[in-house]
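Q: Here is what each chain is made of, one letter per residue.
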Amino acid sequence: MDHNVYIPKLAKIIEIKEEVGGSRPIKSFRTHFINKNDFSHRCGQSAMISVLGKGESMISISSSPFVKDYLQFSILKMGRVTTALHEMQVGNVIGIRGPYGNGFPIEEWKGKNLVFIGGGIGLAPIWSVLNTALGKREDYGDLMLIYGARTSKDLVFNDELKDLKKKITVFLSVDVEEEGWKEFVGFVPQNVTDKKPSPKNSITVTCGPPIMIKFVIKALKDLGFEDEQIYTTVENKMKCGIGKCGRCNIGKHYVCKDGPVYSWAQLKNLPQEY
Amino acid sequence: MEKILTKKSFSKWVKKLESYKIYAPVKNDDLWNYEIIDIPESIQLDYPNTVLSPKTIIFPQREIFLEFKASNEEGLEVKEILPEEKPAVIFGVRPCDAIALTLTDNVFKGDFEDPYYWKRRNQTILIGLTCNIPPSFDCFCLSVDGSPHSKDGLDILMTDLGDKYYIESLTKKGNQLINLAKDCFEEPKVTDKKDLEEIHANSEKQIKRQIKDIKKIPKKLKGMFDTPFWDKESLSCIQCGICTYLCPTCHCFDINDEVASSAPLKGKRVRTWDNCQFPDFTMHSSGHNPRPDKSSRLRQRILHKFQYFVELYENFQCVGCGRCISKCPVGIDIIEVLDKVRDYGS
Amino acid sequence: MVNVEDIKKEAIRILKEGKVKYIIGYKKSTNGSMSVPAFIESSEDVENLIWDPTCVYNLTRFLVDEKRRKAREKNPDERPVGIIVKGCDSRAIIVLLQEKFINRDDVYILGISCETTGVLDEKKLSKKLNGKKAEKVEYDEKNNFAITTADGKIKVPADEILAERCLECRANFPAINDVLFGEKVERKSDKPFESLEKIESLSKEKRWSFWKEQLDKCIRCYACRSVCPMCYCDECVVDTINFAVTADTTAEEKAQRIKWVEKSPATSENFVYHLVRAIHLAGRCIDCGECERVCPMDIPLRFLNKKMEKEAKELFDYDAGFDPDQPSLVSCFKDEDPEDFIR
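Line by line, the protein sequences give chains A, B and C. So the first sequence is numbered by numbering that gives the first Met the number 0: it starts at 0 and just counts up by one. So the second sequence is numbered by numbering that gives the first Met the number 0: it starts at 0 and just counts up by one. So the third sequence is numbered by numbering that gives the first Met the number 0: it starts at 0 and just counts up by one.
Be aware that a few hints might be false.
Stated by the list, open to error - SDA-like, lysine to any residue: derived pairs with alpha carbons at most 25 Å apart:
hint, chain 1, residue 1, chain 2, residue 2
1, C, Lys135, B, Val336
2, C, Lys7, C, Asp177
3, B, Lys293, B, Lys339
4, C, Lys69, B, Arg290
5, A, Lys194, A, Asp162
6, C, Lys126, C, Gln213
7, C, Lys122, B, Phe136
8, B, Lys231, A, Glu272
9, A, Lys11, B, Ser261
10, A, Lys26, B, Ser285
11, B, Lys26, C, Lys132
12, B, Lys219, A, Gln271
13, B, Lys2, B, Lys181
14, A, Lys164, A, Gln189
Said to hold, decoys possible - Sample of chain B residues facing chain C (criterion: CB under 10 Å; computed from the structure):
hint, residue
15, Val25
16, Asn27
17, Leu30
18, Val50
19, Arg61
20, Asp110
21, Glu112
22, Ser235
23, Ile241
24, Tyr244
25, Leu245
26, Val269
27, Ser284
28, Pro328
29, Gly330
Quick caveat, the hints were computed from the structure, so don't treat them as lab data. Glycine included, C-beta positions come from ideal geometry on N, C-alpha and C.
For reference, chain A alone in the conformation it holds in the complex:
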């Protein structure tokens, strides 16, 4: 049973944090495997979370690989499985199988400046690679985060962002004017153009709604970034998570297995069908 790729390993929810409330709530879950196993992941990988009786959902692991006590998933309530997750309490049991996906090629980025650009829940996959870089700070150049959401209430990891500002450059934004908001007002791509990150010896990682990614890539190219310097994650409907059910393919790639991390140089050559 241990080697059966379709059988989830049981894990207990040990902590739940409400990141964002309202009509599009986001909660962070920290989970701990019930039975000891050798689960280990690279930043940018995801896992299939099972709510037995409802189904499975592929969620990116937002904790860094250096954290051994728990796995963290930050989940937006969207449909049947995620609604069931949001209704769970500490102590409830879920299933986890994985890790799946190619992860970020962070070893190739040693010595480079890293610019992270996220929108809304898109900060979750970025969080794991950002913390991996922070965990080996001396291996990387300057670190910058440009992150925005609809309103200040929709920003995730709010408390951690305050700490992060002390360690690296952080630029936040909200879409529209808000009382008490002193930082940039506008969409994330506009903030990118405003803050002008330098393409010299840099890699960018961008995650968020597809429309945001489209305009962020345009803004980065206008600033002189090459296609090979721009990385993003793609999402698609997934069921097996291991490249067999045939559902998530873009061209010959299965996003669950060969992705979800792609450089723009790779992605622009694939059929634009995602």
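Dock chains B and C against the given chain A, drawing on the hints supplied.
A: For chains B and C alone, kept in the frame of chain A given last:
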């Protein structure tokens, strides 16, 4: 190992295989499909082809992955349900359907091996039957590197010589089956071998339909993603699932939880076939659908079979069985579509 | 006899005059004698039009596609679509009109009379030819079909290979049409529901095992649903819970949707799917026979739907698809409706 088996001795051989589950094509009303055989004398090998390929036996339309239920200790209990241990023999497998299984093998192995598929695959022995005449007017196996007497993927190939079968055993498993009933078989004579070669040569001449220059097609398709070609070809498609469900090489599936009781929780996680032609196949939870119309779905089917699969495994994901052509409710003809692809733009 | 040149002339005329966007008709397939649906946009395409006993399809189904396509376009072309229909097919158009799914000026109906025969059943044809391939089938003098094979031409009495529904035909020519080809020959059947008798005469247990055996064959390809012009619901009872979702549908709404039928092709699920579909077609099915024709597993679906058609007739004296102004069965009542179940 090569042997001769008279038609009279055929059921004697089958009787010696009682430790195996025996599958053979059976006709119900006018429909041929594989069924488990209880009476060896009832096996008829003089048949066209089944509606559902032997893929159904190795990769059934529904299978249980695991059972789950609420438990007092850890809150939840999950139990793996593997396929039962029962070796099987399938008689009457057409060579195209056997090649199809070698193609789906590529998908189910790799970094993550599928235990359910392989449990059944490894315990099933395939006995093929040469197509002396094409089973269907729409057969085109020769165009996709197959043949009516191909041995690829089979453990034994039987060829009908009239009153007897020429038996060619191709694997250890095939040899084992023959050794279980040594006295049923005779040694082939020189004339038998000559008859065999003649039948095999003739069988190829009878395949009427073909796709010319099929090797040009993967490259051609690469440049056709954004063309209006697919809108036109998919006009009459009604979005059912016949072409993909009947196809011996298609493998898409769905995984669902079927709940028998919600409190206390008890249910099964089940795999079922799924279909890239269904509108909700790629639909995200948010409602966004990367393939929102039948044009993009038909394009996915053709590109997957004749470009993406070639890029991944160097084989077309099609064996030329012709089922999709014969059974399409609106007569969409994959050979015609591919001819048009090859000539597109010229 | 219907002359296909007359149909072609009319098709060219309405295309040239811009009266229709395109015409849905029949053309020859590339792999045999059966016709396939054709979408004719230009006078050159018109040359491909055919009319012969292989024109089995009910093309009305494509009017549903057309409506969906128009709904997605910003400035749709409001001209009607030309469509070639037989008597049975035209009843489907009338049901769509009865239900106000389409308007009369959305279609330009080229009606064709089946005169004294009808269309063939592909399975009966292939049985008749004993494995030989038919290259062409044509209408011949009264009540014969002329079949051309590699060995030459033979004449076969039409009744031997007619589609089952043609033997019980109640609408030999489209009563609703903009132009009619062929003669209005009355071919009303005296016993329109005779084919049901052999199942109705079975005991309850035998009927259950008959239907269990048949429906266990079902692979849930949904061809029967996809080909039916009356199955036009945006979201069907079998669709997944995430179907018909917009950006505004909340997560709770999606989570609370009930999964009525599992995807598994188990006996219980297959029964629910087919019986619910039959009930949803009660008083709407016009017996075009397409569901049974397309089924790859040869399930006799016509019996299910025809039984509902018979119930509608016997209980409520209701005939679907003859009068466009008649309301649908389930949306009206008459004082004479049976009340014996009210105690």
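Q: Look at each hint and say if it fits the structure.
A: We went through each hint and held it up to the structure:
With a CA separation close to 22 Å, the supplied pair lysine 135(C) and valine 336(B) stays within the 25 Å bound. Taking the CA atoms of lysine 7(C) and aspartate 177(C), the gap is near 15 Å; set against the 25 Å cutoff, the hint holds. Our distance criterion of 25 Å between C-alpha atoms is met by lysine 293(B) and lysine 339(B), whose separation comes to about 18 Å. Between the alpha carbons of lysine 69(C) and arginine 290(B) the distance comes to roughly 18 Å, so the proposed pair stays at or under 25 Å and holds.
As the CA atoms of lysine 194(A) and aspartate 162(A) are separated by approximately 21 Å, the hinted pair is consistent with the 25 Å bound. Between the alpha carbons of lysine 126(C) and glutamine 213(C) the distance comes to roughly 21 Å, so the proposed pair stays at or under 25 Å and holds. Between the alpha carbons of lysine 122(C) and phenylalanine 136(B) the distance comes to roughly 14 Å, so the proposed pair stays at or under 25 Å and holds. For the given pair, lysine 231(B) sits about 19 Å from glutamate 272(A) by alpha-carbon distance, which is consistent with the 25 Å threshold.
Among the hinted pairs, lysine 11(A) with serine 261(B) is consistent with the structure: their alpha-carbon atoms are about 20 Å apart, no more than 25 Å. At roughly 18 Å between alpha-carbon atoms, lysine 26(A) and serine 285(B) fall within 25 Å of each other, so this suggested pair holds. As the CA atoms of lysine 26(B) and lysine 132(C) are separated by approximately 21 Å, the hinted pair is consistent with the 25 Å bound. Note on lysine 219(B) and glutamine 271(A): the hinted pairing holds, with a Cα-Cα distance of about 18 Å set against a maximum of 25 Å.
Annotation: proposed proximity of lysine 2(B) to lysine 181(B) holds, straight-line Cα distance about 10 Å (limit 25 Å). For the hint linking lysine 164(A) to glutamine 189(A), the alpha-carbon distance of about 21 Å falls within 25 Å, and the restraint holds. Checking valine 25(B) against chain C by beta carbon gives a least distance of about 12 Å; that is not within 10 Å, so the hint is violated. The interface hint given for asparagine 27(B) is met, as the beta carbon of that residue sits about 8 Å from the closest beta carbon of chain C, less than 10 Å.
A cut of 10 Å between beta carbons decides the hint on leucine 30(B): the least distance to chain C is about 5 Å, and the hint holds. Because the beta carbon of valine 50(B) sits about 6 Å from the nearest beta carbon in chain C, less than 10 Å, this interface hint is met. The closest approach between the C-beta of arginine 61(B) and any C-beta of chain C is roughly 5 Å, which is under the 10 Å cut-off, so the hint is satisfied. This hint is violated: aspartate 110(B) has a C-beta 27 Å from the nearest C-beta of chain C, more than the 10 Å allowed.
The beta carbon of glutamate 112(B) comes no nearer than 24 Å to any beta carbon in chain C, farther than 10 Å, and the hint placing it at the interface is violated. The interface hint given for serine 235(B) holds, since its Cβ lies 4 Å from the closest Cβ of chain C, which is under the 10 Å cut-off. The interface hint given for isoleucine 241(B) is met, as the beta carbon of that residue sits about 5 Å from the closest beta carbon of chain C, less than 10 Å. The criterion of a C-beta within 10 Å of any C-beta in chain C is met by tyrosine 244(B), whose closest approach is roughly 5 Å, and the hint holds.
At a threshold of 10 Å, the smallest CB-CB gap from leucine 245(B) to chain C is about 6 Å, leaving the interface hint in force. With a cut of 10 Å, the hint placing valine 269(B) at the interface with chain C holds, because the nearest CB-to-CB distance is about 6 Å. Against a cut-off of 10 Å between C-beta atoms, the interface hint on serine 284(B) holds, since the closest Cβ of chain C lies about 6 Å away. The criterion of a C-beta within 10 Å of any C-beta in chain C is met by proline 328(B), whose closest approach is roughly 4 Å, and the hint holds.
Given hint, glycine 330(B) at the interface with chain C, holds; its Cβ is 3 Å from that chain's nearest Cβ, closer than 10 Å.
Against the hints set out earlier in the document, violations occur for numbers 15, 20 and 21.
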